[in-house]
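Undergrad: This is what each chain is made of:
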Amino acid sequence: MDLTVEATLESEIVSKKHPRAEDFISTLKVFVKNRIALAGLIIVVIYAIIAILDWVYPAYLGIKSGFDLSDALVTFHMSTYLGKPILYPSPITGSLIPFTIGVSYGVPPYGSGAIITLIPPTLHGPTNTPGWWWIFGSTAYNLPIFPVMLASLKWDLTYTVVIVLIGAAIGTIVGTFAGFYGGATDEAIMRVTDIFFSIPFLVLAMAILYVMGVSINNVLLALIIIWWPIYARLTRGQALSVKSNKFVEAATASGSSRIRTMFVHILPNVLAPVFVQISLDLGTVIALFATLDFLGFHYTSIYLPELGNMITWGDQTRYLFATPMNWWPFLIPALFLVIFTIAVNLLGDGLRDVLDPKLRR
Amino acid sequence: MKIRYFIIRRLVLMVPTLIGLTLFTFVLLYSLELTHETQLVSQYINPHSKDIAAQLRKAKIALGLNLSFPQQYILFLERLVNGTWGFFPTQFPMFGGLPVLEGIEKSLPNTVQLAFFATLLSVILSIPIGTYIGARPNSVSDNVGRVFSLVGYAFPVFVLGILLQLLFSRAGVVPRLIGVTGLPIGGTMPTFTSPPSWFRAGTTYPTHIPILDGMLNGDFSFSWGAFIYVILPVLTITYGLLAGLLRFIRSGMVDSLSQEYVKTARSKGVPESWVIRTHVRRNAMIPAITVMVLAFATLLGGVVVVEDIFSYHGMGLLALNSVLDFAPYGVLSTTFFFGIIIVIANLVVDVIYALLDPRIRY
Amino acid sequence: MVEAELSKSEQHDELAKEIQENNVVVKNLKTYFFTSKGIVRAIENLSLSIRRGEVYGLVGESGSGKSVTATSIIDLIPDPPGRVLDGDVYINGFNIYSDLDKLVRVKIKSPTNVKVKHYKTALRRHNKILSSIRGKWVSMIFQEPFLSMNPVLTIGFQLTEPILLHNLTDLISSLVRLETFSKKNALKVAEAILGEPDYQKRSNIVDQFILDYSLYSVKKYIKQTAENISDPEQMATEFVNIAQTAKLGLKVEKYARMRDYFRLSDRVDDLQLKLVSIEGEIKRIRRRIQELSASSPAGSDELRKMRNYLDTRTSQSEKETLQIKEEIKRAKEQMRRVYPALYFKRILSKRVRDKNIRMAAEKRAIEFLELVNIPAPEAIMNSYPHELSGGMLQRSMIAMALSSSPKVLIADEPTTALDVTTQAQILNLINRVIDKRRGQSVLFITHDLAVIAEMCDRVGVMYGGNLVEEAPLEKLFKNAKHPYTIGLMNSIPRHDVKVDKAARLESIPGSVPNLIDPPTGCRFHPRCKFRMDICSEKKPALVEIEPEHKVACFLYSDEVEESVELEE
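Residue numbers (our numbering), protein chains in the order written: chain A, 1068 to 1428; chain B, 15 to 376; chain C, 75 to 642.
Source of the hints: derived by calculation from the structure; they are not laboratory data. The structure displayed is predicted, hence computed values, not measured ones. We put the CB at the ideal spot given by N, CA and C, even for glycine. Honestly, I wouldn't trust all of these hints.
What the hints assert, rightly or not - Listed next, the in silico DSSO-like pairs over lysine-lysine satisfying Cα-Cα at most 27 Å (straight line): (1) K104/C / K612/C; (2) K181/C / K1096/A; (3) K1096/A / K191/C.
To be verified - Label-pair ranges, simulated between beta-carbon atoms: (4) E1254/A / S56/B: 40 to 48 Å; (5) T1252/A / S581/C: 43 to 51 Å; (6) A266/C / R23/B: 56 to 64 Å; (7) D1090/A / E376/C: 48 to 56 Å; (8) M108/B / P1335/A: 48 to 56 Å.
All chains should be built: construct the whole structure from the sequences, respecting the hints.
TA: Quick look at the structure:
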């Protein structure tokens, strides 16, 4: 017999506050008490603020004119700017600094081992170290890391959230449907998810992308196709256990239609683990998104500001000049990616602790 | 005796999944036919011949592209069983113009090497460490373990791989600081100026797994040479896998520790270490085992990235090259092959599960 | 030996007498749970004692702290969130909480923010000591047999565990005895059997003989022989013949060494317990002195006596401690000499991996399964918990709890989760298997008064973490005093009390108090019909109003009149 639970139940009976409000408050308390999860939440919120700010007013953090990396939907080709000086505004003073990009550009062959042939830089030497002017330094050809990174966060976060949310929505509805209706529907849906689970995500994404052709919309689509089965399986299990509860029977007995029962009585009760999974998946998807770009699936162009792309670029900067001490072009974007994945994992763990009352102290 | 029937039953249950897998691959192929027909067919013609149009038509019929969907599917299955699984295009690196099956045959042993070491290392480390930290929830060691596994869980494989390269490869940071040679930055095995005699003779080359072959031929320096190339990739994969396993074993332990039967065991006067090892750990391993498959799938996905970073010629690099160098049959075959591996892993895990948990009826 | 020591202090300390006479004595137990909603004061200042050979029942609504009491007695409160904060629990004369202050430090900043610091070394030592007490002196049966058995281990494995842990010496000795069984032994046994005229006693001797010589496999023949043959010489010959078939052909010398080793190891365990109990005793005397100096004027006779006693006891105990430590050292030395391999191995693990010993343990476990009326016990041994029914599992739980012949059996609602028909069987079984003559006692916890009436000798009624009434069974049922007990009695149908047809069963209004924020004074007063002003101000103490009958209520207390007088 669980004594704590018993005691809590009693206290709920006796307490005069509205039980749900009190429960919410205590849930919040538990979450806030978990300092680590709170830290995760704060980091995620900071990332989100950067992304939203960059959407709303790109010039505020990003780049004002000319080298507009924030607008990836305009197919941007580096070769357009070949040999021409570009005015790049300093993020601090706002004054325009000219610099030149010279690229002899071709689609990279397979793997990252291959090196893009580039014309030696003309302006500032290979790279700029992080400092007061170049906040995070620059990569080869003086691609400034700081503004590009801000733009990257925006794109990465936006796509990740879109992928996870749409995947979760589809998966949750399908899974609830399967779990609630059962029978042949359930069996068929579960067999389909089996197939998705029997191929590694990355390989599956590669194959689907290959068939559909690489473009940013297809990446979106491919990752959604891959992601919904996770939620379908998760919610199906939940729906099965919720279904056996008495209140479902009561709802049916009081004349609730099946669809209504599913959406009103079952769905809200399967959502808790879905939220946990979403928060954990944000990290996985952002990493997968970056990984695909890193592997050479350049989405719109290779200059979509994207963390995976920046890491590749930084890594190649290292190769180009054979200076392993040039750590920042690689390490700074990598750090930003890792911090985000860690933060969402912390958040997910914290959420799980909160939503799983068994672990509550 | 009983377990044999269980395995047979599981094998039978595998059939629908396998059929689904072939169907899925075939749907991919079929959509490829719709979108990339010319490129698909042009791999089967002689580009230097005069009448390309006629050749294209011929190749189309030979490939069965004119058939209906179910007919093509049956043809596809037939080829799967006794075919070459298609060909690589001529400009494909390493396996240009060769059958895909041969490419897989050559690449698989290298990946087996990686996967073996990674799985072994992570399982060997995760069980005792997971038991230790899981038995002491919220202690210092537990927190260290949690941070370790969280970071491992959150670290994208490619970042970790490059970081390890930066740190430990030749000309990396650590070897420079302490003045040692460091590990190779990439590659599958050492390039020889004069390869060992057995290495060239095909017959004494039994498994194609470099390290194992070296050991079987008594050439341990060869094995060691190949092993050095494996270290960094294995570490890269292991970290993620270990992190996942640790996390699940730990939570299994914590969950199991709060169960009534642990109380019973303690009430019998069973010493704490015994409680942990016999009563708790076995129950904790059961949920951990079920996620092993997921971890294994992640490992195989990670293999693609790791092999790319370390230019290690295995299944992952084959799959990636197939995608990037437009080898349609390469893409389909590798995807299918990864699928089969995971289905088999699933079976193995199910059997282990059944052995561990008597409640599973077999 | 612990008792002997305590007897010296008898004239100074009435508690010592109580400890000596009872199997379990609980004094001022206080157990709290620190939850996110606040501190649950699950038990506060609970004292009770369980005599030798008695079935003590604890009854109360759910949430009244019965189970917490039971788990506190063997220190199995889940930590976090729970913690025994204060009090003493003497099991067989040994205070398991004597080192309580060394184990944890609790800092209560606010009800929802409590820091519990654990001292690991002390806790490890404490757990080690307790693991030698649990199972050996106390064992427990739980409510949910399905949850209480480990699902992945066979019943046999779980049953042999306590035997292998606590009866190892016994087990090996019986193996050695069997191997060296000779005509001489047989003759002695045969004479003992034939010399006993009483049938029951005679069969007891036979049982003991089977147990001592581990002759389970040929039990049937032994019994037949013992019944049918009347000549000692002939019987002895027959016994030897039968034993010959049961012999395993072991290397006697090895097992004899092993037996000696474990005898020494048992001795070391005992000595270590003694060490701790000496420490605890001194501490207890100190505390008693503190109490006395707080309550009685300085320089009182009792206080002086107590101080003197402390002085003598301290100097004595120092000497004793040294002696014991020396003895432990010697025993360990001897152990190493007797069986070096085992000595070093057992430092790493307490497990014994010996096929023959395991087999003997299994045979003994089968004996116990038979005792609890399980059909085909050999088959049950190899099955897993999920393959058995709840009743069967509960039976094997009982067998498991009894297999190391503990002094006290704690039964925590053992029948609540079972079918009604099985319930009766299990109750009968517990009644039957408990060896009251040997002083085995039971703490029986239930919310069912009918079960209490069936099983118990003495009953304690719990409410809100306190004992509110304690009386022998008949007194309680005939003459319940506490309003809560009366309420409980009235809420069940009774055949012996005539009720108007119109009148329904009474129920107690309200519900069990929230122990995070319990009512002031008497915890029952918000629901009490006879409530007075004082009830919400002061907490009534448990007072003996008749011999053996204690009540915690101001209705029967002198205090009320005193306070009334004061007001006047």
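Undergrad: Now tell me if each hint is right for this structure.
TA: Results of checking the hints against the structure:
1. K104/C / K612/C: Within the cut-off at roughly 18 Å; holds.
2. K181/C / K1096/A: Holds: K181/C and K1096/A sit about 20 Å apart, inside 27 Å.
3. K1096/A / K191/C: Roughly 22 Å between the alpha carbons, so the hint for K1096/A and K191/C holds.
4. E1254/A / S56/B: 40 to 48 Å: holds, 42 Å
5. T1252/A / S581/C: 43 to 51 Å: holds, 49 Å
6. A266/C / R23/B: 56 to 64 Å: holds, 59 Å
7. D1090/A / E376/C: 48 to 56 Å: At roughly 54 Å between Cβ atoms, E376/C and D1090/A fall inside 48 to 56 Å, so the hint holds.
8. M108/B / P1335/A: 48 to 56 Å: holds, 54 Å
Of the numbered hints given earlier, the model fails none.
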